[in-house]
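Protein chains in written order, with the UniProt record's numbering: chain E, 1 to 353; chain F, 1 to 353.
FYI, nobody ran anything at the bench for these hints, they're computed from the structure. Be aware that a few hints might be false.
Note: identical chains are not told apart, hence a pair may lie in one copy or across any two.
As the list claims (entries may be wrong) - Derived SDA-like pairs: lysine to any residue, alpha-carbon spacing no greater than 25 Å straight-line:
| no. | residue 1 | residue 2 |
| --- | --- | --- |
| 1 | Lys67 | Ile317 |
| 2 | Lys49 | Asp234 |
| 3 | Lys229 | Thr270 |
| 4 | Lys229 | Gln291 |
| 5 | Lys67 | Pro313 |
| 6 | Lys49 | Arg235 |
| 7 | Lys229 | Pro20 |
| 8 | Lys289 | Thr170 |
| 9 | Lys49 | Asp239 |
| 10 | Lys49 | Ser292 |
| 11 | Lys49 | Val59 |
| 12 | Lys67 | Gly166 |
| 13 | Lys173 | His260 |
There are 2 protein chains.
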Amino acid sequence: MQLLHEAPSVTFSRSSVAAPVVGIDIGGANLKYASSGGKSFSREFAMWKHHRDLSETLVDDLSRFGKGLPIAVTMTGELADCFLDREIGVRHIVESVEQATRNTQTRYYSVTGEFFNAAQAVARIDDVAASNWHALATLVAGEVCSDAMLVDIGSTTTDIVPLSAGRVATPAKTDHDRLVEGSLVYVGCARTPVCALVNELQYQGENATVMNEWFATVDDARVVLGLEKECPGDRASADNAPRDAFHARNRLARMIGLDHRSVDDEAARTLATQIMAAARERIQHGIRKVQSLYGFAPNTTLVLSGHGGDLLPRDVIADRTVIRLDEQWGEVIARSAPAYAVARLMTAVAVRD
Amino acid sequence: MQLLHEAPSVTFSRSSVAAPVVGIDIGGANLKYASSGGKSFSREFAMWKHHRDLSETLVDDLSRFGKGLPIAVTMTGELADCFLDREIGVRHIVESVEQATRNTQTRYYSVTGEFFNAAQAVARIDDVAASNWHALATLVAGEVCSDAMLVDIGSTTTDIVPLSAGRVATPAKTDHDRLVEGSLVYVGCARTPVCALVNELQYQGENATVMNEWFATVDDARVVLGLEKECPGDRASADNAPRDAFHARNRLARMIGLDHRSVDDEAARTLATQIMAAARERIQHGIRKVQSLYGFAPNTTLVLSGHGGDLLPRDVIADRTVIRLDEQWGEVIARSAPAYAVARLMTAVAVRD
Numbered sequence: 001m002q003l004l005h006e007a008p009s010v011t012f013s014r015s016s017v018a019a020p021v022v023g024i025d026i027g028g029a030n031l032k033y034a035s036s037g038g039k040s041f042s043r044e045f046a047m048w049k050h051h052r053d054l055s056e057t058l059v060d061d062l063s064r065f066g067k068g069l070p071i072a073v074t075m076t077g078e079l080a081d082c083f084l085d086r087e088i089g090v091r092h093i094v095e096s097v098e099q100a101t102r103n104t105q106t107r108y109y110s111v112t113g114e115f116f117n118a119a120q121a122v123a124r125i126d127d128v129a130a131s132n133w134h135a136l137a138t139l140v141a142g143e144v145c146s147d148a149m150l151v152d153i154g155s156t157t158t159d160i161v162p163l164s165a166g167r168v169a170t171p172a173k174t175d176h177d178r179l180v181e182g183s184l185v186y187v188g189c190a191r192t193p194v195c196a197l198v199n200e201l202q203y204q205g206e207n208a209t210v211m212n213e214w215f216a217t218v219d220d221a222r223v224v225l226g227l228e229k230e231c232p233g234d235r236a237s238a239d240n241a242p243r244d245a246f247h248a249r250n251r252l253a254r255m256i257g258l259d260h261r262s263v264d265d266e267a268a269r270t271l272a273t274q275i276m277a278a279a280r281e282r283i284q285h286g287i288r289k290v291q292s293l294y295g296f297a298p299n300t301t302l303v304l305s306g307h308g309g310d311l312l313p314r315d316v317i318a319d320r321t322v323i324r325l326d327e328q329w330g331e332v333i334a335r336s337a338p339a340y341a342v343a344r345l346m347t348a349v350a351v352r353d
Numbered sequence: 001m002q003l004l005h006e007a008p009s010v011t012f013s014r015s016s017v018a019a020p021v022v023g024i025d026i027g028g029a030n031l032k033y034a035s036s037g038g039k040s041f042s043r044e045f046a047m048w049k050h051h052r053d054l055s056e057t058l059v060d061d062l063s064r065f066g067k068g069l070p071i072a073v074t075m076t077g078e079l080a081d082c083f084l085d086r087e088i089g090v091r092h093i094v095e096s097v098e099q100a101t102r103n104t105q106t107r108y109y110s111v112t113g114e115f116f117n118a119a120q121a122v123a124r125i126d127d128v129a130a131s132n133w134h135a136l137a138t139l140v141a142g143e144v145c146s147d148a149m150l151v152d153i154g155s156t157t158t159d160i161v162p163l164s165a166g167r168v169a170t171p172a173k174t175d176h177d178r179l180v181e182g183s184l185v186y187v188g189c190a191r192t193p194v195c196a197l198v199n200e201l202q203y204q205g206e207n208a209t210v211m212n213e214w215f216a217t218v219d220d221a222r223v224v225l226g227l228e229k230e231c232p233g234d235r236a237s238a239d240n241a242p243r244d245a246f247h248a249r250n251r252l253a254r255m256i257g258l259d260h261r262s263v264d265d266e267a268a269r270t271l272a273t274q275i276m277a278a279a280r281e282r283i284q285h286g287i288r289k290v291q292s293l294y295g296f297a298p299n300t301t302l303v304l305s306g307h308g309g310d311l312l313p314r315d316v317i318a319d320r321t322v323i324r325l326d327e328q329w330g331e332v333i334a335r336s337a338p339a340y341a342v343a344r345l346m347t348a349v350a351v352r353d
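Pulled out of the complex, with its shape left as it was, chain E reads as follows (with noise of 0.2 Å):
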């Protein structure tokens, strides 16, 4: 799938003044580009399939935006298994970043909220590395709410992030970290496999306990409830069959060890509410603790981002204030959020070669 976005004209107040930046998001599963002046695209991108095709594709992508434009990338694709290690995937990315960028002055974001050119950031793997969300809690922080958690819902993770005083609050820097405090919950809208979030499915009265195994993800719980739209033409499903409310409902009941033949539509929805309402769960229980952890009011504003704010639990929202990013910033950047951040950010300090 891909997308082309022209965002409608609207004016930055910090991009205008400083030459364009173009932001790059190179995670495990998508490629995502925003241009600082608010133009945007993304592709799926299967990391631990393609990798070897990451420079090669990033030429194509990049020739969407101006020639020699300043690069900013920021990553997470480096935890993907086809890397041996965290090492190897950042030097992986920079290398294929640096190959497709010859004559173009490339920058890469690290969490100490430093640009770093290609040189530091393999000297500085651990910095470099799983960064995306901390450009775009630093942007937030700065120009939309300073104090507030950013939830950002992804199609594999949902980030938690505090942020007071206009910066981002928590000290925890990598994935681990983040795992530990409750601000990294390894549940989205598209990837998270079934049979990782409930252990039993009820069906016409009884329980079944999951089959653990690789059969359906959230998406298809989506698709199933008409949160995400069917396409047909898109296998990037569990069984590479495709991602259309047929299928979909096929790949939950397979879950329980059946199949489209016996469990109809509306019998797929009530397993898809199950699978969603754990969904929702596994985010509540991260904001409760993301919140209690930094003493945070139980009403403290939400910054929301990604595309799955259906998986943001009705509890949580009450008498809260959200703002949504994609009003705030028009839907075109919202869906590439972290690379329109860092392509922002970019603009905004001194670079030197």
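Fit chain F to the given chain E structure using the hints.
Same frame as chain E, but now just chain F:
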């Protein structure tokens, strides 16, 4: 991995009075063969990847056994998600067997205890699907222990089958019904993903939620703990890297956002121990549930099958008689127990074309 085993010269009462039969257990991840005389062979066979090669593979493998011997088939491989549904899966398996065994008598085991020819089999899909547990349990009930619980811990699942008065005591026939009653526990000693077993892992005194990715399996925990031999040439692992202690440790570390650079052998063993405990707990829960459902005494005899015996919780074994099939039948046969069972059962029935 291919294994050819010649049994020691043991005499089996029934098979010695009937013509030999070759049994095939066509699973979702393995093909297992055994003759009623006690010769066995097995190979890994990822149905979801290689289903088109099934017929050809069967031809190759059957050449290890006597030409023209009658064939008894049992299966579970129809649940692989390369098949839209079980009907299509059963049809594909039956067609592949028929293509591979022209001019040979073939019969398909049904959970009703009958043997069907190919035409009957495809007309009785739900009876021949997922039948291998029933074949093994029927032979065990008739020959090993008439009143017991059979606990068969395989690579992917654990079957817990109540046996009473020499027969299979559960009325549940399908995978779904068995998932509901608890007699099919979808936890095994190799393929079960870690993210389906635990939500958190303790590491250095803190709880980290796990990444809901297919980064590691129970097999990695067993390799790290020395319960499974290292096999560097075998890459049937989550990341397609070798099944050795180094890579198994690296895979376990990935579950909590780390890698081999920071997680040493001792730390990996601590992670592995937690994973094994979670797997044992699921199996223990299943055994207790089935025991209670069928009114079995707490000290009911267990018949243990499968190569995951170390997943049988100690609490469950205490104060019971445990009969090990590998001691009863020899290791060679025990490795392909359902294939052996279906071969033996077919020698005991009159088969007409």
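Right, here's what the structure says about each hint:
{"no.": "1", "hint": "Lys67 / Ile317", "in the structure": "neither (43 Å within a copy, 70 Å between copies)"}
{"no.": "2", "hint": "Lys49 / Asp234", "in the structure": "both (17 Å within a copy, 20 Å between copies)"}
{"no.": "3", "hint": "Lys229 / Thr270", "in the structure": "within (18 Å within a copy, 43 Å between copies)"}
{"no.": "4", "hint": "Lys229 / Gln291", "in the structure": "neither (33 Å within a copy, 46 Å between copies)"}
{"no.": "5", "hint": "Lys67 / Pro313", "in the structure": "neither (43 Å within a copy, 63 Å between copies)"}
{"no.": "6", "hint": "Lys49 / Arg235", "in the structure": "both (15 Å within a copy, 16 Å between copies)"}
{"no.": "7", "hint": "Lys229 / Pro20", "in the structure": "neither (34 Å within a copy, 56 Å between copies)"}
{"no.": "8", "hint": "Lys289 / Thr170", "in the structure": "within (13 Å within a copy, 45 Å between copies)"}
{"no.": "9", "hint": "Lys49 / Asp239", "in the structure": "both (16 Å within a copy, 11 Å between copies)"}
{"no.": "10", "hint": "Lys49 / Ser292", "in the structure": "neither (39 Å within a copy, 47 Å between copies)"}
{"no.": "11", "hint": "Lys49 / Val59", "in the structure": "within (18 Å within a copy, 32 Å between copies)"}
{"no.": "12", "hint": "Lys67 / Gly166", "in the structure": "neither (34 Å within a copy, 78 Å between copies)"}
{"no.": "13", "hint": "Lys173 / His260", "in the structure": "between (44 Å within a copy, 19 Å between copies)"}
Of the numbered hints given earlier, the model fails hints 1, 4, 5, 7, 10 and 12; all others are met.
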